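Whenever a hint applies, use it, and build me the whole structure from the sequences.
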Amino acid sequence: MSNGNGANDFGVSFGRIMFLQQVLSTHSNVTVLGRHDDIVFDIRRNRQGDVLSVVCVEAYSASLELVMRVVQTFPEVAVIFVGGKWNGYTREAYEFCEEHKIGIYNAGEIAGGLHSDSFWNYEKLDDEGNLARSIKA
Amino acid sequence: MGSYFHQKKYRDVDLVVVVECEPDRLISVANSIRESLLELREVVGVPIDITIFTSKEFRANPLRDMHTLVLLYSSDAVAAEGK
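Chains as they are written, first to last, in the working numbering: chain G, 1 to 137; chain X, 1 to 83.
Quick caveat, the hints were computed from the structure, so don't treat them as lab data. Everything hinted at is true.
A few chain X residues that face chain G, going by a derived Cβ cut-off under 8 Å, partial list only:
(1) 26
(2) 27
(3) 30
(4) 49
(5) 51
(6) 52
(7) 53
(8) 54
(9) 56
(10) 57
(11) 60
(12) 62
(13) 63
(14) 64
Far from chain G, some chain X residues (derived; all Cβ distances over 12 Å):
(15) 10
(16) 42
(17) 44
(18) 71
(19) 72
A quick note: this is a predicted structure, and the numbers were derived from the prediction, not measured. Every residue, glycine too, gets a C-beta built ideally from N, C-alpha and C.
So, in structure tokens, the structure goes:
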């Protein structure tokens, strides 16, 4: 396939990719421009007018090595989606992403992140107003 | 780490590798590990899902049910045996 869809080297299932597509296509601030390399969505944010690459992976605890491999493979990445609400990332992975202005989000965080002007450090708060990042530690 | 933790029949093997190296060498070390483990997939006959953590990440207990992980190899253990 010319767009590279149909297989990926990150072990991401088709169901997970379709889940992210559903999240993106129903987001009020997002227009999906296309999908390529199986796990990369190019989106335009309606309010900010910017174009971002969102890469879909699937990890209970996304590691520093995983996010570095994503960046090496897709240097244009702006947002890394790690999967469902039970998934998350290590503190080292989060800090690497923040340093490189990359947003890293699970299903419970990505909607807010895509509304935020600074999409790389959106801070979700829980019901009591505390930070609710999905750092696994 | 699903089927093992849920005690179901496995369709893949989850392997956690913990590495100790400088961050700027992490990708090259990880690539070497993945390449070295390619043959293992042929041996076991199912996909191998490799997760690579730094030692600092691993010390923070990043996985659910960490206590059920089975140690296969430790360079520290080998070094200790050689003493």
